[in-house]
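All the letters of the sequence shown, read from the start, carry residue numbers 1 to 146 under this note's numbering.
Derived from the structure by calculation, the hints contain no laboratory data.
Don't take each hint at face value.
Claimed, not checked - With a cut-off of at most 25 angstroms between alpha-carbon atoms, the simulated DMTMM-like pairs for lysine to aspartate or glutamate come out as follows: (1) Lys65 x Asp93; (2) Lys81 x Glu96; (3) Lys65 x Asp86; (4) Lys81 x Glu69; (5) Lys65 x Asp82; (6) Lys65 x Glu89; (7) Lys81 x Asp93; (8) Lys65 x Glu128.
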Amino acid sequence: FQINQIQVNHRLLGGLKSIRILRMIKVGRNLDNYTRKGPISLALIIVLFLSLGHIFACFWYLLGKHHYENNIEGWIMYYLKDNQYDPTEGILDNVEMQPGYYSASLYFIMTTFCTVGFGNISPWNTPEQIFCIFVMLIGAFLYAIV
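Construct all of the structure, not just a fragment, from the sequences and the given hints.
As structure tokens, this is what we get:
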């Protein structure tokens, strides 16, 4: 008797989970209605901009690091010269410099997204220029969505 009762209770709990999944599907379908207006949509847009900005900033840094390690003039070389750093071997691996590289990369990407482009950090070779064109197009697309 006790084993049959446990199986029946297990089936009832499984049925309750199915109802919960159906409710989640209903909420998912109406999520667009919840986010059209109000602070939720603003928060989602900010998170989208910051997430894409972070991803593109990481790619911008990797592109600059690749050029620097291969002795190609690029944005990192000029960034180091503008900030009076000696561009020596291993300066990219310096832990104290990492926040500066990230903040410079994120700053550049955000000014490119916003089409402001102050010019203190800029592309210096063809691959960097092509990357910037792509970032500008994504930024224009994001502003068109908003």
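Here's how the hints hold up against the structure:
1. Lys65 x Asp93: It holds: about 10 angstroms lies between the C-alpha atoms, which stays within 25 angstroms.
2. Lys81 x Glu96: Satisfied, since the Cα-Cα distance of roughly 17 angstroms is no more than 25 angstroms.
3. Lys65 x Asp86: It holds: about 16 angstroms lies between the C-alpha atoms, which stays within 25 angstroms.
4. Lys81 x Glu69: Within the cut-off at roughly 16 angstroms; holds.
5. Lys65 x Asp82: Roughly 17 angstroms separates the two Cα atoms, so the pair holds.
6. Lys65 x Glu89: holds, 12 angstroms
7. Lys81 x Asp93: holds, 17 angstroms
8. Lys65 x Glu128: Cα-Cα ~11 angstroms, so holds.
This entry satisfies every hint, going by the numbered hints stated previously.
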